[in-house]
Amino acid sequence: MSTISSPRPSIASAHTPTPTGSRRPSIDSLAVSITSTPTHRAPSPSLAQRRNRAALRDYYNLSANRADPLASAQPRARSVPRTPDGLATTPATPISNSELDNANFDPSSYVSHLLSTSSLSTILRAENSLVSDIRTLDGERKALVYDNYSKLIKAVETIGKMRASLEEEGAPMVMTKTLGPAVGFVAETASALIKEQQQVEKASGNKSSQPNNDNSAERQTVKWVLDTPRRLRRLLEKSDIENAEKDWEEINKLLAKWEGVKGVDELRRECETILKGEE
123 MSTISSPRPS IASAHTPTPT GSRRPSIDSL AVSITSTPTH RAPSPSLAQR
173 RNRAALRDYY NLSANRADPL ASAQPRARSV PRTPDGLATT PATPISNSEL
223 DNANFDPSSY VSHLLSTSSL STILRAENSL VSDIRTLDGE RKALVYDNYS
273 KLIKAVETIG KMRASLEEEG APMVMTKTLG PAVGFVAETA SALIKEQQQV
323 EKASGNKSSQ PNNDNSAERQ TVKWVLDTPR RLRRLLEKSD IENAEKDWEE
373 INKLLAKWEG VKGVDELRRE CETILKGEE
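Its first residue numbered 123, the sequence shown is counted upward by one per residue in this note's numbering.
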């Protein structure tokens with residue numbers, strides 16, 4: 123007796139139907155949305171503002187590619203002297219911001235302490251560090267004046283535009299009379315600040331011209347004294363004993379005046395050893 127088997131269910135029907143749409147976002151759609159996002163740019167300064175800034179930069183000899191003014195408000199790192207090889211060195215008596223900025227800071231005592239506890243090379247490095255700091259502070263001062271002048275000029279222009287617009291619209295004369303003294307006061311203040319700054323720069327230039335020449339001569343003298351051992355060796359190699367002794371007599375007088383400065387005794391012993399070795 124034959125049996126009739128029932129038809130088997132289709133394999134494809136056992137699987138759940140694939141959804142027509144996927145809920146996961148497409149990578150292409152994300153890329154399109156990112157590229158289509160508008161970017162907001164800061165509005166460029168007007169022609170008048172650029173002209174005023176260029177005039178101030180030319181007056182104060184400032185670079186056009188100056189860093190952000192907000193960066194000047196950050197704490198300034200004190201410069202570190204470097205050796206001829208380019209390696210940073212730390213002086214024997216470090217110069218701290220708190221020490222120099224203290225209200226009771228005594229320059230004479232500080233210089234005396236530096237001369238008595240440091241070598242000649244360390245003193246030169248400290249001087250170079252201070253000169254670099256002074257130049258940095260002077261640049262920051264000029265940048266601050268430049269920023270204040272820019273704001274002042276912008277305020278004058280704004281008040282002038284407000285006054286012109288009020289006159290065109292037929293505003294009451296009371297508003298015009300009120301803005302008139304304000305504009306005059308701002309203009310007088312700007313003129314007074316400019317004159318005062320010019321006088322300060324002129325006075326500081328006259329005072330610093332002579333000390334700079336003196337400091338340059340002192341630095342050359344110190345370098346000449348430090349170069350004494352090399353000169354003595356060169357003269358003795360040429361058998362020029364007479365000039366070597368004359369050079370040493372002159373150097374010995376200077377070392378006697380610098381008695382107590384660190385490094386003077388070592389330099390004297392080195393020179394005496396060179397002369398005795400030749401004898």
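Some hints could be false.
The calculated DSSO-like cross-link candidates involving lysine-lysine, where the alpha carbons are at most 30 Å apart (straight line), are [claimed, not checked]: (1) Lys345 to Lys375; (2) Lys345 to Lys283; (3) Lys398 to Lys368; (4) Lys283 to Lys317; (5) Lys368 to Lys317; (6) Lys379 to Lys317; (7) Lys324 to Lys360; (8) Lys384 to Lys368; (9) Lys276 to Lys324; (10) Lys273 to Lys283; (11) Lys398 to Lys375; (12) Lys345 to Lys264; (13) Lys273 to Lys345; (14) Lys264 to Lys324; (15) Lys345 to Lys398; (16) Lys283 to Lys264; (17) Lys375 to Lys360; (18) Lys384 to Lys398; (19) Lys360 to Lys345; (20) Lys345 to Lys317; (21) Lys345 to Lys368; (22) Lys276 to Lys264; (23) Lys375 to Lys324; (24) Lys368 to Lys379.
No lab work stands behind these hints: they were computed from the structure.
Evaluated hints:
For the proposed pair Lys345 and Lys375, the alpha carbon gap of about 16 Å is at most 30 Å, so the pair holds. Between the alpha carbons of Lys345 and Lys283 the distance comes to roughly 62 Å, so the proposed pair goes past 30 Å and is violated. Taken as a hint, the Lys398 and Lys368 pair is honoured in the structure, with Cα atoms around 15 Å apart against an allowance of 30 Å. Between Lys283 and Lys317, the direct Cα distance comes to roughly 26 Å. Compliance with the 30 Å bound is thereby established for this hinted pair.
Proposed proximity of Lys368 and Lys317 is contradicted: the alpha carbons are some 55 Å apart, above 30 Å. The straight-line distance between the Cα atoms of Lys379 and Lys317 is roughly 46 Å, outside the 30 Å bound, and the hint therefore fails. About 52 Å separates the Cα atoms of Lys324 and Lys360, which puts this hinted pair outside 30 Å; it is violated. Between Lys384 and Lys368 the CA atoms are separated by roughly 24 Å; this keeps the pair inside 30 Å, and the hint holds.
Taking the CA atoms of Lys276 and Lys324, the gap is about 27 Å. The hint holds against a cut of 30 Å. The straight-line distance between the Cα atoms of Lys273 and Lys283 is roughly 15 Å, inside the 30 Å bound, and the hint therefore holds. Taking the CA atoms of Lys398 and Lys375, the gap is near 19 Å; set against the 30 Å cutoff, the hint holds. For the given pair, Lys345 sits about 33 Å from Lys264 by alpha-carbon distance, which is inconsistent with the 30 Å threshold.
A hinted pair counts as satisfied when its Cα atoms are at most 30 Å apart, and Lys273 with Lys345 does not qualify at roughly 48 Å. Using a Cα cut-off of 30 Å, the hinted pair Lys264 and Lys324 holds, with the two alpha carbons roughly 14 Å apart. Restraint check: the Cα-Cα separation between Lys345 and Lys398 comes to about 24 Å, which is no more than 30 Å; the hinted pair holds. Taken as a hint, the Lys283 and Lys264 pair is honoured in the structure, with Cα atoms around 29 Å apart against an allowance of 30 Å.
For the hint linking Lys375 to Lys360, the alpha-carbon distance of about 24 Å falls within 30 Å, and the restraint holds. With a C-alpha separation of about 23 Å, the suggested pair Lys384 and Lys398 falls inside the 30 Å cut-off, and the hint holds. Note on Lys360 and Lys345: the hinted pairing holds, with a Cα-Cα distance of about 23 Å set against a maximum of 30 Å. Distance check on the hinted pair: Lys345 and Lys317 sit about 42 Å apart at the alpha-carbon level, beyond 30 Å; violated.
A C-alpha spacing of about 18 Å is found between Lys345 and Lys368, which places the hinted pair at or below 30 Å, so the restraint holds. For the hint linking Lys276 to Lys264, the alpha-carbon distance of about 18 Å falls within 30 Å, and the restraint holds. Of the pairs offered as hints, the one joining Lys375 and Lys324 is violated, with about 40 Å between alpha carbons and a cut-off of 30 Å exceeded. For the suggested pair Lys368 and Lys379, the alpha carbons sit about 18 Å apart, so the restraint of at most 30 Å is met.
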